[in-house]
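Number of protein chains: 2
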Amino acid sequence: MSDEGSAISPKTISRLPIYWRYLKELDDFGIERISSQELAKRIGVTPSQLRQDLNQFGQFGQHGYGYPISELLISISRLLGLNKSWRMIIVGVGNLGKAIASYPNFGKRNIKLTALFDVDPGKVGTVVAGVKIRNISEMPSFFKEQPVDIGTICTTPEAAQAVAEMMEAGGALGIWNFAPVKLKTSLPVKHLHLGDSILELLYCINRRNEE
Amino acid sequence: MSDEGSAISPKTISRLPIYWRYLKELDDFGIERISSQELAKRIGVTPSQLRQDLNQFGQFGQHGYGYPISELLISISRLLGLNKSWRMIIVGVGNLGKAIASYPNFGKRNIKLTALFDVDPGKVGTVVAGVKIRNISEMPSFFKEQPVDIGTICTTPEAAQAVAEMMEAGGALGIWNFAPVKLKTSLPVKHLHLGDSILELLYCINRRNEE
Numbered sequence: 004m005s006d007e008g009s010a011i012s013p014k015t016i017s018r019l020p021i022y023w024r025y026l027k028e029l030d031d032f033g034i035e036r037i038s039s040q041e042l043a044k045r046i047g048v049t050p051s052q053l054r055q056d057l058n059q060f061g062q063f064g065q066h067g068y069g070y071p072i073s074e075l076l077i078s079i080s081r082l083l084g085l086n087k088s089w090r091m092i093i094v095g096v097g098n099l100g101k102a103i104a105s106y107p108n109f110g111k112r113n114i115k116l117t118a119l120f121d122v123d124p125g126k127v128g129t130v131v132a133g134v135k136i137r138n139i140s141e142m143p144s145f146f147k148e149q150p151v152d153i154g155t156i157c158t159t160p161e162a163a164q165a166v167a168e169m170m171e172a173g174g175a176l177g178i179w180n181f182a183p184v185k186l187k188t189s190l191p192v193k194h195l196h197l198g199d200s201i202l203e204l205l206y207c208i209n210r211r212n213e214e
Numbered sequence: 004m005s006d007e008g009s010a011i012s013p014k015t016i017s018r019l020p021i022y023w024r025y026l027k028e029l030d031d032f033g034i035e036r037i038s039s040q041e042l043a044k045r046i047g048v049t050p051s052q053l054r055q056d057l058n059q060f061g062q063f064g065q066h067g068y069g070y071p072i073s074e075l076l077i078s079i080s081r082l083l084g085l086n087k088s089w090r091m092i093i094v095g096v097g098n099l100g101k102a103i104a105s106y107p108n109f110g111k112r113n114i115k116l117t118a119l120f121d122v123d124p125g126k127v128g129t130v131v132a133g134v135k136i137r138n139i140s141e142m143p144s145f146f147k148e149q150p151v152d153i154g155t156i157c158t159t160p161e162a163a164q165a166v167a168e169m170m171e172a173g174g175a176l177g178i179w180n181f182a183p184v185k186l187k188t189s190l191p192v193k194h195l196h197l198g199d200s201i202l203e204l205l206y207c208i209n210r211r212n213e214e
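So the sequence lines, in the order shown, correspond to chains A and B.
Residue numbering for the first sequence follows this note's numbering, beginning at 4 and increasing consecutively.
Residue numbering for the second sequence follows this note's numbering, beginning at 4 and increasing consecutively.
Among the hints, a few may not be true.
Covered by chain A, according to a simulated footprint, are these stretches of chain B (three or more residues, beta-carbon under 8 Å) [stated by the list, open to error]:
1) 75-89
2) 179-187
3) 200-208
Residues from chain B that face chain A, not an exhaustive set, calculated with beta carbons under 8 Å [unchecked claim]:
4) S17
5) L19
6) P20
7) W23
8) G47
9) V48
10) T49
11) K101
12) A102
13) Y106
14) K147
15) L176
16) L195
17) L197
I should point out that these hints are in silico values taken from the structure, not numbers from a laboratory.
All C-beta atoms in this analysis are idealised placements derived from N, C-alpha and C, irrespective of residue type, glycine included.
Whenever a hint applies, use it, and build me the whole structure from the sequences.
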């Protein structure tokens, strides 16, 4: 289905946001070029991995001159869709939903939080991060009024699948899922699981102590 | 430095927590065996990837009989260090620190939240998730009284490096880092960056729309 020639490896994809952050910082400082050694060091890859990463989506840099920062930044921004603006909603405004709503760096990424939804009548009508919490029953009509690009799920695992289905039916383009459950959906999903993340750390600690 | 023979690939490591969660669920239901097809489907890998994953740390299952769940669960639990108990602190009790402190599933993973630290005098002395917030200046003495295994950093990017150094000096075994900054430390670090995570989702949405 997809164009094999333009496919970027999952490892490179996971590094694109890091490239973007560092290049943006350098560009903001008015720096124009960076050597592959220096950029590789900042990202935490080898110069050869760096070249392999960047060769997957373009031809950058001349031997001995380093990489042109703004050119590279434009390419990566385009790959990440940062040349467009994105509207996001969050469903489930518990502690984690609140923390995500209050995350200060969405604006830099052209992401705008447009609505919050919860089932708790005690929360509905209150304001978090400048956005009013609506009753989840209003979600289908909200989708008709204002298109939503990203649906963020911070509900209980039990509620997550139904919420994902409402998001897909409403026309969301992708789901950012913090509920510890695998969703059945045809949309792209980025899953962020706190419990899995800390187990990966425990594995590293445990392995190190046994050596 | 490490024993090459016992190294597990990073991809497999990232799947170990997912294996653990599903096997634990099945074991809690009293189910004794699972076919490789069924387990692979639940995890979201192919049966051949599943076999490659599991072969990296043991010999499980007999042809035609499927995998013995409790045996597999014990092996994975041991790899993840879940046969021990772990003490965790969180530094930086803003929205995200609060959300992590309130995460309900640490107990299942033998992780106990033993202290919270913040610099804000308005927060010090208040209680979150049953744990009192202490002044960050008390951290060195706390480490002397009670060993800490996992140091969680939810501070600003500017404060994170100094906090990581205090954790390392105090004897923490690993760092769970939510601050958007690369830490210089000799400890194992698991980095969880909300901004990077959503950019990975945007990449997938963007690529899909262009096909």
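Hint check:
1. Counting residues of the segment 75-89 of chain B whose beta carbon lies closer than 8 Å to any beta carbon of chain A gives 6, which meets the minimum of three for the stated coverage.
2. With a threshold of 8 Å between beta carbons, the proposed coverage of the segment 179-187 of chain B by chain A holds, since 3 of its residues qualify and at least three are required.
3. Residue count for the segment 200-208 of chain B with a Cβ under 8 Å from a Cβ of chain A: 9. That meets the three needed, and the coverage hint holds.
4. Checking S17 of chain B against chain A by beta carbon gives a least distance of about 6 Å; that is within 8 Å, so the hint holds.
5. At about 6 Å, the closest approach between the beta carbon of L19 of chain B and any beta carbon in chain A falls short of 8 Å, and the interface hint on this residue holds.
6. Of the supplied interface hints, the one on P20 of chain B holds, with its beta-carbon coming within about 4 Å of a beta-carbon of chain A, less than 8 Å.
7. Restraint check, W23 of chain B versus chain A: the minimum CB separation of about 7 Å is within 8 Å; hint holds.
8. Against a cut-off of 8 Å between C-beta atoms, the interface hint on G47 of chain B holds, since the closest Cβ of chain A lies about 7 Å away.
9. With a least beta-carbon distance of about 12 Å to chain A, the hint placing V48 of chain B at the interface is violated under the 8 Å criterion.
10. With a cut of 8 Å, the hint placing T49 of chain B at the interface with chain A is violated, because the nearest CB-to-CB distance is about 15 Å.
11. Interface hint at K101 of chain B: satisfied, since its Cβ lies 6 Å from the closest Cβ of chain A, which is below the 8 Å cut-off.
12. Proximity of A102 of chain B to chain A holds as hinted, the smallest CB-CB distance being about 4 Å (cut-off 8 Å).
13. Because the beta carbon of Y106 of chain B sits about 5 Å from the nearest beta carbon in chain A, less than 8 Å, this interface hint is met.
14. At its closest, the beta carbon of K147 of chain B sits 21 Å from a beta carbon of chain A; the interface hint therefore is violated under the 8 Å criterion.
15. A cut of 8 Å between beta carbons decides the hint on L176 of chain B: the least distance to chain A is about 5 Å, and the hint holds.
16. Annotation: interface hint on L195 of chain B holds; nearest CB of chain A at approximately 5 Å, less than 8 Å.
17. Interface hint status for L197 of chain B: upheld, as the beta-carbon distance to the closest one in chain A is roughly 5 Å, under 8 Å.
Hints 9, 10, 14, counting from the list given before, are not met by this structure.
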